[in-house]
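Student: Protein chains in written order, with this note's numbering: chain A, 1 to 250; chain B, 1 to 292; chain C, 1 to 333.
Source of the hints: derived by calculation from the structure; they are not laboratory data. Fair warning: this is a prediction, and the values are worked out from it, not measured in the lab. The beta-carbon is built from N, C-alpha and C at its ideal position, and this holds for glycine as well. A portion of the hints provided could be inaccurate.
Once the Cα atoms are required to be at most 20 Å apart in a straight line, the calculated SDA-like pairs of lysine to any residue come out as [what the hints assert, rightly or not]:
(1) A:182 x A:86
(2) A:112 x C:25
(3) A:112 x C:122
(4) C:140 x B:275
(5) A:112 x C:222
(6) A:109 x C:194
(7) C:140 x B:263
(8) C:140 x B:266
Partial list, computed: chain B residues near chain C (C-beta under 8 Å) [to be verified]:
(9) 170
(10) 257
(11) 267
Reference listing, derived: stretches of chain C covered by chain B, where coverage requires no fewer than 3 residues with Cβ under 8 Å from a Cβ of chain B [what the hints assert, rightly or not]:
(12) 109 to 122
(13) 133 to 139
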Amino acid sequence: MSLLQTVELRKRFGATRACEGLNFSVERGEFLSLVGSNGAGKTTLVNLITAHVRPDSGRILFEDRDITGFSVTARIKAGIARSFQIVNLFDAMSVFDNIALSVFVRDGKTAKIAALADADIDVRRETRELLAEFGLAAKSDLPAGELAQGERKLLDVAVAYALRPKLLLLDEPTSGVSSAEKAQIMDTVSAVVRAGAVTAVVIEHDMDVVFRYSDRILMMHEGAFLADGPPEAIRANEAVTSILLGLPPV
Amino acid sequence: MSILIIQLLNSLFYASVLFLIAAGLSLIFGVMRIVNLAHGSLFGVGAYVAAWLVGRAVNFGVPPIWLLLLIPVAASAVAVLGMIIEPLLLRPFYRRAEEYQLLVTFGLLLILEDLVRLVWGGLPLSADTVMDSMPIVHIGGLLYPGYNIFVIGVGVVAALALWFGIYRTKFGVLLRATSQDRRMASALGLDVGRVYIAAFAIGCFLAGLGGAIVVPSHSAVLGMGVEALVLAFVVVVVGGLGSLKGALVGALIVSLVRTAGIQFFPEVELAVLYLIAALVLIARPTGLFGTA
Amino acid sequence: MKAEAIALPRLPARLWPWAAIALGLLLLILVPGIVGTYQTQLLTYGLVMAIAALGFNLLLGYTGLLSFGHSAYFGVGAYTVAFLLQYFGIRSMELYILLGVPVAALVSAILGYVCVRHTRIFFGILTLALSQVLWSLALKFFWVTGGSDGLRVSRPTLLAGTLEFTGSGSFQRFIFSYYYYVLAVFVIAAAVMWVIVHSPFGKALQAIRDNETRARFVGLRVRRFRWAAFLLSGTFTGLAGILWVPLNGLTTPDILYWPFSGEIVFLTLLGGFRNFTGPIVGGIVFTYIKTYAVATTEYWQLLLGAVLVILVLALPTGIVGGLAQLAKRLRAT
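The following block holds chain A by itself, in its conformation from the complex:
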């Protein structure tokens, strides 16, 4: 049983075909990169999977359950979480609190109004562990808004990861940072993800990153899938890559 499956997923925005009859599946434990030029439909696909956007037609199956009608909250409960291309954090809250919140939500503790958040030992412990895993322990008490961009991207991923999802969707986790930082971020992210046996779908533009970390690469173009396979196969498909991404022929 695949973890995630889409069946004839379609979405148009006016005249723009963001997703045209997409059929694909993601297997447990895969580290899948979603690539393609801007406007290919990658973010729309992620938005459809996370219920940010409703499909015009088609179905989405998660663990063989039809979740097409599920709300954002229901999908998160089912085990799908996402990060954002433009960093979306709780800037005035501390790094610690950013992650702790996900833990609180996941454990269903956010209705607790008569207890102090800082008194919850379990949540604090888990938050500290996550901070350590993501290398953010030193900045734990800083407001999220004061972090450097690379750290913010990491925190963005961590906030989603803290929900302990089965499927983690990351939208350009390395955009806007220097190449050195890109490697650092992806090292951390892929290490954490693989250690936690979490399935990951990552939208990424940097092909170096894509080839280095992915089990499988899925290329989109104008709303449809163009290529699907392990890095070696995609790399061999040099015609595709060089035409679409302007790379010199391999």
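Based on these hints, arrange chains B and C on the given structure of chain A.
Tutor: Same frame as chain A, now just chains B and C:
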């Protein structure tokens, strides 16, 4: 039948005044994205200035028909006030959070309300001599002040002038460009600062004009601005913030409801108006013609 | 040149706020013994407004929603007390609170349900419009509400009827006792609010304030939390109204009129809305500023308006925020 016509005319009279206030509020919001809580107080200032000018002129023995010229003068005075307010109090807040803008205009409201009291005292100021500038009209067997019909005319002319100014002139293009995308307009070389001050001045002129034309019929009293603001809000909520058409339609609707309300259920007339605003906000937050 | 003017006790940084609170509380307890009846009364008003501001700031500072209609809940609290006296002959302060708070909560729940469907400016206008509905009802249905004259409220009995205030010297005794009564309620209310904002629920509210989208994608039901915050906020402000009216002796539609909502916003900002104690400071300080403004000049609105403008221009983080920044700078030198 004649009573019905008179009720209708009263509605249109009230709608004219409301339209002027609401159009000013909407224009300022549309272009500058500011909700000016002091807008009603500017309306009040217009009323007081007009009444005061009329009082002076009457002392000089000016015949009523000439008093009408004082109306645009009073409105212009408010516009000038606006041109002082904008750079001093509003400009420092464009880049800041919305909450601060609301607060600074609320502070301005407090200042203006007392400034009016400081200058003109606590007693109502009337300008009913202006009513004599227009002949009494016969409707059916009943008498009706021609001045009220003049006010309706002013409302119509203002609506047309605004429409023309916004949609048919070069300046209107600048206004619309700035309201749609301020950064883009600025990047294209538009002096956004000048557009802002002009838009604010026009908005103030409209508020002042509303005050000036209403004061012959209803004396200027303290607190009229505070009351007017909430009604203006109801109008723009119903019609849509930022829309000229919305201000017009909203003013008509609010006016008709108010007239019907006063006639048939006076206790809840005010409550009904605010409830309508609330209902519109619930059902269609952007109003009938608004842009979010 | 560093000046070692005062030898401050060596306390770990964490304990400073608690020491300050303890000191503040001690001062508050001692006040009636030190100052006269008038000042005590004034401070009581200040504490009442502090409670109102605490409630209001749950919505603004912690949830990010600016309400311009909080006069509604204050007024509901006040008028409920007046009705309980007028139509049911109830004179017990405890009953006022026990019966009035649920009424305020109910009204907040209903109006809040409607209002939280919107955000930002539309939320603000909606809260204003709905509070105006209540104002107009209080004004027009004069045979129930006393209209613009309002309803009188005589001195209630405190502590389940054991304390009554009639006869000679009763005004001073009432003010003295009522001050401690309000102080006690204030301390409880502040403690409750403190727990609320530091609870997981409070963290969820702050997250929604900071980033609504992310909050939703972490799994928070944004609208539900906002509604809950609105309910709590209105209830606290309603409690303030309940405490206010026996002190004032009279309730009129003025406290439902929208400029009073503006005052609540003003005083919260005066103290600072980005921290917990700001609204408390703002509520108390504003009461003093307004009282002295009214006593000093006929044109106190002008004065207050000028203060507000200067405040927003020069000290946007309010008094407490400004002091915090000053403290930071002093520690750095």
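Student: Against this structure, judge whether each hint is valid.
Tutor: Structure-based check of each hint:
1. A:182 x A:86: 15 Å, holds
2. A:112 x C:25: 28 Å, violated
3. A:112 x C:122: 30 Å, violated
4. C:140 x B:275: 15 Å, holds
5. A:112 x C:222: 15 Å, holds
6. A:109 x C:194: 18 Å, holds
7. C:140 x B:263: 15 Å, holds
8. C:140 x B:266: Distance ~8 Å between residue 140 of chain C and residue 266 of chain B Cα, so the pair holds.
9. 170: Result: violated, 30 Å to nearest chain C Cβ.
10. 257: 13 Å, violated
11. 267: 4 Å, holds
12. 109 to 122: Since three or more residues must qualify, the claim that chain B covers the region 109 to 122 of chain C holds, with 6 doing so at under 8 Å.
13. 133 to 139: holds (count 4)
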